[in-house]
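A.B. asks: This is what each chain is made of:
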Amino acid sequence: MRKLILTTTATLALSALSATAQEVRVYNWSDYIDEDLITEFEQETGLKLVYDVFDSNEVLETKMLAGGSGYDVVVPSGTFLQRQISAGAFQKLDPSKLPNLDNMWDVVEQRTAQYDPDNAYSINYMWGTTGIGVNVGQVKELLGEDAPIDSWELVFNPENMDKLAECGVHFLDAPAEMIPAALKYIGEDPNSHDPDVIAKVEEVYAPVRDSIQKFHSSEYINALANGDICVAVGWSGDILQARDRAVEAENGVEIAYNAPKEGAQMWFDQMAIPIDAPNPDGAHTFLNFIMDAENMAAASNYVYYANGNKASQEYLVEDVIGDPAIYPSEEAMNNLFTTTPYPAKVQRVVTRLWTKIKSGT
Amino acid sequence: MRRAALILTPYLWLLALFLVPFIIVLKISLSDTALAIPPYTPTLDFGAGWQGIKDFVGALDFENFTFLTTDDLYWKAYLSSVRIALIATTLTLLVGYPIAYGMARAPEHWRATLMLLVILPFWTSFLIRVYSWMGILSGEGYLNQFLLWIGLISEPLTILNTPVAVYIGIVYTYLPFMILPVYAALERMDGSLLEAAEDLGCSRLTAFWLITIPLSKNGIIAGCFLVFIPTIGEFVIPSLLGGSQTLMIGKVLWEEFFNNRDWPVASAVAVILLLILIIPIILFQRNEQKQREADG
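Going down the list, the protein sequences come from chains A and B.
First residue of the first sequence: 1, per the UniProt record's numbering; consecutive thereafter.
First residue of the second sequence: 1, per the UniProt record's numbering; consecutive thereafter.
Keep in mind that the hints are not guaranteed to be accurate.
As the list claims (entries may be wrong) - DSSO-like mimics (lysine-lysine), calculated; alpha carbons at most 27 Å apart, straight line: (1) B:27 to A:63; (2) B:27 to A:345; (3) A:261 to A:184; (4) A:92 to A:63; (5) A:97 to A:310; (6) B:27 to A:200; (7) A:310 to A:356; (8) B:76 to A:356; (9) A:261 to A:140; (10) A:261 to A:63; (11) A:345 to B:76; (12) B:76 to A:214.
Said to hold, decoys possible - Here's a subset of chain A near chain B, in silico, CB distances under 8 Å, partners left out: (13) 61; (14) 66; (15) 69; (16) 227.
Keep in mind the hints are simulated off the structure, nothing from the lab.
No residue lacks a Cβ here, since even glycine has one placed at the ideal position from N, Cα and C.
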């Protein structure tokens, strides 16, 4: 018995050692890559790719701040990235190992620099907007042909929501996006850090709260596609994926996405390397692989999100590059806003308010 | 020597798996948040020697516990968790007891198979089983389709994302924890006692109330605790099956930890949760001990 234990331990220790030398561990958002790329990466580089997924920035951030996550590449959004950089969670990128950096798009890099000055710690993976996805048939049946599907009116005006409750409405469980959206609706600065201004959001949600079936950040993709719900406030590409799944299922569900005309939040998901990454070399290899124009285009063509890679644009299918919901016109881009991270004290106010909105206490 | 080792083992077990983690959580609950890895301060620095330990202890305080009293969210969440756990435990007992009773009354050669059937679901991941309930309970789910098909309802019922779904999930998940101890108690019961009661003029129902229930009392108590204790801190079932209005302390703890990044307050919430749970755990232990003594 003892011998068996010894051999087992030795084998485990050995495999753990060899694993760190040949593995790259990536922690990315769910439904966020063309999985063929994983196999391609392994074939091209001979490295084994371990690919795990999450569906909220908060989960990722907790892993980063706890340290020792074991991941080589992680994908936080802009504001979260900024805070994690100041906590010392990431290592600077080594540009000499990233020749494909030349492919990146300056329009996006300028915007991501507000979270990561000089883009020293991260590269943009994808970006998108937070807006409204609707089941066109059901919504028009309930609200009529002129239903305001391109406006925050649809989900914040109680008159509309009372009717929509019948067919199911989901909101993102992401206060850092749902509070700015409500502020935008009432004409306040969506990036406000003033607790008194943020508190006004409660009154926006109070009359519509009972019409919201669930606050969740990933369930709505399937729920929309299956026709279980008719409205979801969610992320652009996720809703477009739902549209695609419904088309594939041929279930008669027609999904449309709009970034509301009053202004929608623009966000950036950035790839970065944790300070304690077991395999930083492998991480750089992965980043360089992702920044390859054709690979990045394959990912965007698959998940319907815009990317920060200029060179990839010639490989994008018309469905993606030509869709203003994914690549908005320059004029529409001006209507999008970005936010900055809340300081700890304000964060507590925001979380507390969000709990109150969701649970009534 | 051997005897000392035997006695020591359970205490070492308790020390390693309960006391040490608890002290770590307690320590964090007395700290302050910080934007760093790990996200709280102070951290213990043994390098600084005695002075380091003194500074460390000096920086701890009970601020986070007083903070919990300033917001009614916390006690409401504790209370709501206890309420949900109580209702769920009662429901599990109502569903589990007849099953255990039927198993104990089944022909002997059937019992092993029935027992296997009760345990079988554990061979599948808990998460997958809860997820499959989402498929069953959703608006377009199997349950609604079935009820529509047999014509019992004309509009799909909204069950998913309501407290009803949470209770269904809890009862389903914890049912074996209720069935097994009740079954063990019922199986040991001497059947001739019931015959004697009937001979003396008891109806079957009265005999059940006067003989079977009291004799299975210990099984019922054990089953109720085994369901009640984990249900209070339950997080997965309410977050997957429940709506946002289902307020449970597990969710509040999650939010403190993940949304506020406030490990110290999250730890304070956990410490209080543990203190609340210690009461039923001690009662449970006492019941077990009494039973052992009675069994001789």
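A.B. asks: Given residue 69 (chain A) as an interface hint, is the shortest Cβ-Cβ distance to chain B below 8 Å?
C.D. replies: Nearest chain B Cβ about 10 Å off; hint violated.
A.B. asks: Need the status of pair residue 310 (chain A), residue 356 (chain A): alpha-carbon distance at most 27 Å?
C.D. replies: violated (43 Å)
A.B. asks: Are residue 27 (chain B) and residue 63 (chain A) close enough, with their CA atoms no more than 27 Å apart?
C.D. replies: holds (20 Å)
A.B. asks: Measure nothing beyond the straight line between the CA atoms of residue 76 (chain B) and residue 356 (chain A); if it is 27 Å or shorter, mark the hint as holding.
C.D. replies: Between residue 76 (chain B) and residue 356 (chain A) the Cα gap is close to 12 Å, so the pair holds against 27 Å.
A.B. asks: Taking 27 Å as the top limit, are the C-alpha atoms of residue 97 (chain A) and residue 310 (chain A) close enough?
C.D. replies: Distance of about 19 Å is within 27 Å: holds.
A.B. asks: Just to be careful, I want the Cα atoms of residue 261 (chain A) and residue 63 (chain A) compared with a cutoff of 27 Å; is the pair within it?
C.D. replies: violated (36 Å)
A.B. asks: For residue 92 (chain A) and residue 63 (chain A), compute the direct alpha-carbon distance and say whether it is at most 27 Å.
C.D. replies: holds (19 Å)
A.B. asks: Is the Cα-Cα distance between residue 261 (chain A) and residue 184 (chain A) 27 Å or less?
C.D. replies: holds (10 Å)
A.B. asks: Does residue 200 (chain A) lie within 27 Å of residue 27 (chain B) when you go C-alpha to C-alpha?
C.D. replies: violated (37 Å)
A.B. asks: Does the interface hint hold: is residue 61 (chain A) within less than 8 Å of chain B, judged Cβ to Cβ?
C.D. replies: OK, holds: residue 61 (chain A) within 8 Å of chain B, min 7 Å.
A.B. asks: May I ask you to test the interface hint for residue 227 (chain A) with respect to chain B, counting a Cβ-Cβ separation under 8 Å as satisfied?
C.D. replies: Holds, about 7 Å.
A.B. asks: With the threshold set at 27 Å, check whether the alpha-carbon distance from residue 345 (chain A) to residue 76 (chain B) stays at or below it.
C.D. replies: OK: residue 345 (chain A) and residue 76 (chain B) at ~23 Å, within 27 Å.
Against the hints set out earlier in the document, violations occur for numbers 6, 7, 10, 15.
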